[in-house]
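Asks: As a plain string of letters, each chain reads:
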Amino acid sequence: MNIVVAIKHIPSIADDLPVSGKNVDFDSVDFVLNEWDEHSIEQAVLIKEAVGGTVTVVGVDLIGELDNVLHLALAKGADKVVKITADDPAADSHMQAKWLAEAIKGMGANMVFAGVQASNDLDGQIGPMIAAYLDMPYIGGVSSVEANGDSATVNKEFAGGAGAKYSVSMPFVAGVQAAPKPPRYAPVSKVRQMAQTATIETVSPSGDASAGLAFKNMAPPVATGHAEMIEGSSKEVAAKIVELLKSKGLA
Amino acid sequence: MSNDILVITEHMDGKFSDVSFEMVGKARELASALGGQAVAVVIGSGVDANVFASDSTLHIDDAALSGFNPEAYAKIVEALVKEKSPKAVLFGWTVTGMDVAAWLSAKTGAPCAAYAKDIRVDGGGFVVSCQVYGGKLMAEVAPEGDMAVIACLAGSFPVEAGQGSTAATATASPVDAGSLKVKFVEAIKPAGGDVDITAQAKLVSIGRGIGGKENVELAEELAQALGATVSASRPVVDAGWLPRTRQVGKSGLKVKPKLYLMLGISGAPEHLEGMKSAELIIAINTDKKAPIFNVAHYGATADLFEVAEAMLELL
Ligand SMILES: Cc1cc2nc3c(=O)[nH]c(=O)nc-3n(C[C@H](O)[C@H](O)[C@H](O)COP(=O)(O)OP(=O)(O)OC[C@H]3O[C@@H](n4cnc5c(N)ncnc54)[C@H](O)[C@@H]3O)c2cc1C
Ligand SMILES: Nc1ncnc2c1ncn2[C@@H]1O[C@H](COP(=O)(O)O)[C@@H](O)[C@H]1O
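Chains A and B, in that order, are what the protein sequence lines are. Quick note: the first sequence uses the numbering used here, first residue -2, plus one each step. Quick note: the second sequence uses the numbering used here, first residue 10, plus one each step.
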């Protein structure tokens, strides 16, 4: 089984996210692996463990800092890592999806996984777009994939624990919502070892597409309301909440 | 090219989701500003399609599509777009709409604006306000070209504006179900057994800030002292700290308790979808910029462990 996983490196939303021009100021935020990509790496490695095969992880390097997460992917069980050296923080989603599709084309993938979304841009578009460019079917919100011959049994989530089971012929693209198991932890020592020994294959971006969206503005939301903030030490906060709940008959 | 707005509605178990009505209402407003029509599109069988306040409703009524099929929906919408050349196609930014919107955008070359909270007509085109970075920032974008794909966040527009009784026109599916690579096998029903969080009057809801499975007990103790039940955000469930039945949000359950006490939840749009109509929302978060503070009634920038323990002493 030949599985390709697209991963993305994003500004940590735990940060303050200062805006500079029309985007976040990339110099003043930490970059982390998109949380859903941890799940798609896990799902790919689980399939490899079940039926054998190769897991290739691919990413577009937009700011020259992708190596860390590629090493992390190797430490989590990927066999091969490929980076598309774009070095263009302004590349839009269509462009990136096109580059990814072109790079993936020659890989002979049976399945391509993308995260169901990344929490930074106008989200969740790259997976379905890769599918469109590769002329493969797409199924998102996926919570488990089992390979059986030239098709796969894929569970998709709807809401509240409901979902549906699909049979999907290979090759296809899946947007992973969650792996059937929590993503495995890769010890720092192993990531460091990968950083010293692994080779990252690099390819140049190829192909052209445009999102056709003119960015007008990016700014914090205009709050239509704001919580009444309870000030003080944690003890004082607790006392005020308990008092509030009692006054409303809720405690 | 027309000035029509197509709305791809969604339904499950014979019921349309609210976002379908919300979009139809918005589409009417946009279409009338542009001099076009709001066209509701219903794909699949087993549902009464005569419920929208659209200018017209198209019902692609095919028994082979009784369960959602992303590939079939994508191809049907692609064919409709070719036939009708609309000015915009609206999807819900939902677990089904997400599968199709960006695909259509790449297939047709039309721009896609996702996480739309608002859409307005501006000089013959649209300006769309989108939530990015988990709700911490808003981006305003203007789609270029002849057609725009816009995926709307549930809860952004009023439901009533889209409710009506326009008679639907049934049409045959342009896609041969037999040729599809994605086949619907069976529905998966939610696993029962655990408590029903939608029926609880009080919820203590924990997020990733709880840090680990070993800390869930503290939330359980606080819930017990309050006569409440513990619910959670998605990462807590994905990590295996609580069962799926406790998840609140877009892919979890919608709750409307009297009290929703949130410990270490940031307030991402997908979480808000499940709880924003709770009667009293109190949020404890160490990040004073957490989006939840724009929604909660009361908030405190504080450590959840310290607050929970101090509350336990007082209860
Ligand atoms: C298709 C789709 C469906 C989804 N469905 C759902 C859904 O149904 N439900 C859902 O919840 N999410 C859902 N999500 C995920 C959603 O986008 C967010 O990732 C999720 O809601 C974040 O959960 P969180 O707030 O617990 O975690 P985070 O965003 O990581 O927030 C943790 C918060 O804890 C705070 N914190 C940390 N330590 C402490 C401390 N000691 N004391 C106080 N505060 C602390 C931090 O400041 C932070 O604000 C979905 C996503 C997608 C793409
Ligand atoms: N620059 C990128 N390189 C590789 N994969 C990406 C990139 N951007 C997005 N993806 C993939 O697409 C998914 C959804 O991201 P997005 O469409 O940006 O929300 C991610 O989880 C990745 O799997």
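Calculated directly from the structure, the hints in this document are not laboratory data. Remember, predicted model here, so these are calculated numbers, not experimental data. Just so you know, not all the hints are guaranteed correct.
Unchecked claim - Below, simulated BS3-like cross-link-like pairs (lysine-lysine); rule was C-alpha separation at most 25 angstroms, straight line:
id: 1; chain 1: B; residue 1: Lys24; chain 2: A; residue 2: Lys245
id: 2; chain 1: B; residue 1: Lys222; chain 2: B; residue 2: Lys24
id: 3; chain 1: B; residue 1: Lys211; chain 2: A; residue 2: Lys243
id: 4; chain 1: B; residue 1: Lys192; chain 2: B; residue 2: Lys24
id: 5; chain 1: A; residue 1: Lys245; chain 2: B; residue 2: Lys126
id: 6; chain 1: A; residue 1: Lys178; chain 2: B; residue 2: Lys24
id: 7; chain 1: B; residue 1: Lys267; chain 2: A; residue 2: Lys232
id: 8; chain 1: B; residue 1: Lys267; chain 2: A; residue 2: Lys102
id: 9; chain 1: B; residue 1: Lys263; chain 2: A; residue 2: Lys162
id: 10; chain 1: B; residue 1: Lys198; chain 2: A; residue 2: Lys45
id: 11; chain 1: A; residue 1: Lys162; chain 2: B; residue 2: Lys265
id: 12; chain 1: A; residue 1: Lys243; chain 2: B; residue 2: Lys190
id: 13; chain 1: A; residue 1: Lys232; chain 2: B; residue 2: Lys126
id: 14; chain 1: A; residue 1: Lys213; chain 2: A; residue 2: Lys237
id: 15; chain 1: B; residue 1: Lys190; chain 2: A; residue 2: Lys162
id: 16; chain 1: B; residue 1: Lys285; chain 2: B; residue 2: Lys297
id: 17; chain 1: B; residue 1: Lys297; chain 2: A; residue 2: Lys237
id: 18; chain 1: A; residue 1: Lys237; chain 2: B; residue 2: Lys24
id: 19; chain 1: A; residue 1: Lys237; chain 2: B; residue 2: Lys298
id: 20; chain 1: A; residue 1: Lys213; chain 2: B; residue 2: Lys298
id: 21; chain 1: B; residue 1: Lys298; chain 2: B; residue 2: Lys198
id: 22; chain 1: B; residue 1: Lys222; chain 2: B; residue 2: Lys192
id: 23; chain 1: B; residue 1: Lys190; chain 2: A; residue 2: Lys237
id: 24; chain 1: A; residue 1: Lys243; chain 2: B; residue 2: Lys222
id: 25; chain 1: A; residue 1: Lys162; chain 2: B; residue 2: Lys198
id: 26; chain 1: B; residue 1: Lys198; chain 2: A; residue 2: Lys213
id: 27; chain 1: B; residue 1: Lys211; chain 2: A; residue 2: Lys232
id: 28; chain 1: B; residue 1: Lys298; chain 2: B; residue 2: Lys24
id: 29; chain 1: A; residue 1: Lys243; chain 2: B; residue 2: Lys198
id: 30; chain 1: B; residue 1: Lys285; chain 2: A; residue 2: Lys245
id: 31; chain 1: B; residue 1: Lys198; chain 2: A; residue 2: Lys178
id: 32; chain 1: A; residue 1: Lys245; chain 2: B; residue 2: Lys263
id: 33; chain 1: B; residue 1: Lys24; chain 2: B; residue 2: Lys126
id: 34; chain 1: B; residue 1: Lys126; chain 2: B; residue 2: Lys285
id: 35; chain 1: A; residue 1: Lys237; chain 2: B; residue 2: Lys265
id: 36; chain 1: A; residue 1: Lys45; chain 2: B; residue 2: Lys192
id: 37; chain 1: B; residue 1: Lys192; chain 2: A; residue 2: Lys237
id: 38; chain 1: B; residue 1: Lys198; chain 2: A; residue 2: Lys245
id: 39; chain 1: B; residue 1: Lys298; chain 2: A; residue 2: Lys232
Asks: Each hint should be assessed against the structure and marked as holding or not.
Replies: We went through each hint and held it up to the structure:
1. Among the hinted pairs, Lys24/B with Lys245/A is inconsistent with the structure: their alpha-carbon atoms are about 36 angstroms apart, more than 25 angstroms.
2. At most 25 angstroms may separate the alpha-carbon atoms for a hinted pair to count; Lys222/B and Lys24/B exceed this at roughly 37 angstroms.
3. With a C-alpha separation of about 13 angstroms, the suggested pair Lys211/B and Lys243/A falls inside the 25 angstroms cut-off, and the hint holds.
4. For the hint linking Lys192/B to Lys24/B, the alpha-carbon distance of about 22 angstroms falls within 25 angstroms, and the restraint holds.
5. Under the criterion of a C-alpha separation no larger than 25 angstroms, the hint pairing Lys245/A with Lys126/B is inconsistent with the structure, at around 33 angstroms.
6. For the suggested pair Lys178/A and Lys24/B, the alpha carbons sit about 32 angstroms apart, so the restraint of at most 25 angstroms is broken.
7. Restraint check for Lys267/B and Lys232/A: the C-alpha separation of about 24 angstroms stays at or below 25 angstroms, so the hint holds.
8. For the hint pairing Lys267/B with Lys102/A, the CA-to-CA distance comes to about 53 angstroms; that exceeds 25 angstroms, so the pair is violated.
9. With a C-alpha separation of about 23 angstroms, the suggested pairing of Lys263/B with Lys162/A holds against the 25 angstroms cut-off.
10. Our distance criterion of 25 angstroms between C-alpha atoms is broken by Lys198/B and Lys45/A, whose separation comes to about 28 angstroms.
11. With a CA separation close to 30 angstroms, the supplied pair Lys162/A and Lys265/B exceeds the 25 angstroms bound.
12. This hinted pair does not check out: Lys243/A and Lys190/B have alpha carbons roughly 58 angstroms apart, beyond 25 angstroms.
13. At roughly 38 angstroms between alpha-carbon atoms, Lys232/A and Lys126/B are farther apart than 25 angstroms, so this suggested pair is violated.
14. For a cut-off of 25 angstroms, the pair hint linking Lys213/A to Lys237/A is broken: about 43 angstroms separates their Cα positions.
15. Between Lys190/B and Lys162/A the CA atoms are separated by roughly 14 angstroms; this keeps the pair inside 25 angstroms, and the hint holds.
16. For the given pair, Lys285/B sits about 19 angstroms from Lys297/B by alpha-carbon distance, which is consistent with the 25 angstroms threshold.
17. For the suggested pair Lys297/B and Lys237/A, the alpha carbons sit about 18 angstroms apart, so the restraint of at most 25 angstroms is met.
18. Of the supplied pair hints, the one linking Lys237/A and Lys24/B is violated, its CA atoms being roughly 43 angstroms apart against a limit of 25 angstroms.
19. Distance check on the hinted pair: Lys237/A and Lys298/B sit about 21 angstroms apart at the alpha-carbon level, within 25 angstroms; holds.
20. With a C-alpha separation of about 23 angstroms, the suggested pairing of Lys213/A with Lys298/B holds against the 25 angstroms cut-off.
21. For the given pair, Lys298/B sits about 38 angstroms from Lys198/B by alpha-carbon distance, which is inconsistent with the 25 angstroms threshold.
22. Distance hint between Lys222/B and Lys192/B is unfulfilled; the C-alpha atoms sit about 37 angstroms from each other, more than 25 angstroms.
23. A C-alpha spacing of about 58 angstroms is found between Lys190/B and Lys237/A, which places the hinted pair above 25 angstroms, so the restraint is violated.
24. Note on Lys243/A and Lys222/B: the hinted pairing is violated, with a Cα-Cα distance of about 30 angstroms set against a maximum of 25 angstroms.
25. This hinted pair checks out: Lys162/A and Lys198/B have alpha carbons roughly 11 angstroms apart, not beyond 25 angstroms.
26. A hinted pair counts as satisfied when its Cα atoms are at most 25 angstroms apart, and Lys198/B with Lys213/A does not qualify at roughly 43 angstroms.
27. With a C-alpha separation of about 22 angstroms, the suggested pair Lys211/B and Lys232/A falls inside the 25 angstroms cut-off, and the hint holds.
28. For a cut-off of 25 angstroms, the pair hint linking Lys298/B to Lys24/B is broken: about 37 angstroms separates their Cα positions.
29. Restraint check: the Cα-Cα separation between Lys243/A and Lys198/B comes to about 39 angstroms, which exceeds 25 angstroms; the hinted pair is violated.
30. With a C-alpha separation of about 19 angstroms, the suggested pair Lys285/B and Lys245/A falls inside the 25 angstroms cut-off, and the hint holds.
31. Straight-line distance between C-alpha atoms of Lys198/B and Lys178/A comes to about 20 angstroms, which keeps the hinted pair within the 25 angstroms bound.
32. Restraint check for Lys245/A and Lys263/B: the C-alpha separation of about 23 angstroms stays at or below 25 angstroms, so the hint holds.
33. For the hint pairing Lys24/B with Lys126/B, the CA-to-CA distance comes to about 23 angstroms; that is within 25 angstroms, so the pair holds.
34. For the given pair, Lys126/B sits about 15 angstroms from Lys285/B by alpha-carbon distance, which is consistent with the 25 angstroms threshold.
35. As the CA atoms of Lys237/A and Lys265/B are separated by approximately 23 angstroms, the hinted pair is consistent with the 25 angstroms bound.
36. For the given pair, Lys45/A sits about 23 angstroms from Lys192/B by alpha-carbon distance, which is consistent with the 25 angstroms threshold.
37. Proposed proximity of Lys192/B and Lys237/A is contradicted: the alpha carbons are some 55 angstroms apart, above 25 angstroms.
38. Annotation: proposed proximity of Lys198/B to Lys245/A is violated, straight-line Cα distance about 37 angstroms (limit 25 angstroms).
39. Only pairs whose Cα atoms come within 25 angstroms are accepted, and Lys298/B paired with Lys232/A is accepted, the gap being roughly 22 angstroms.
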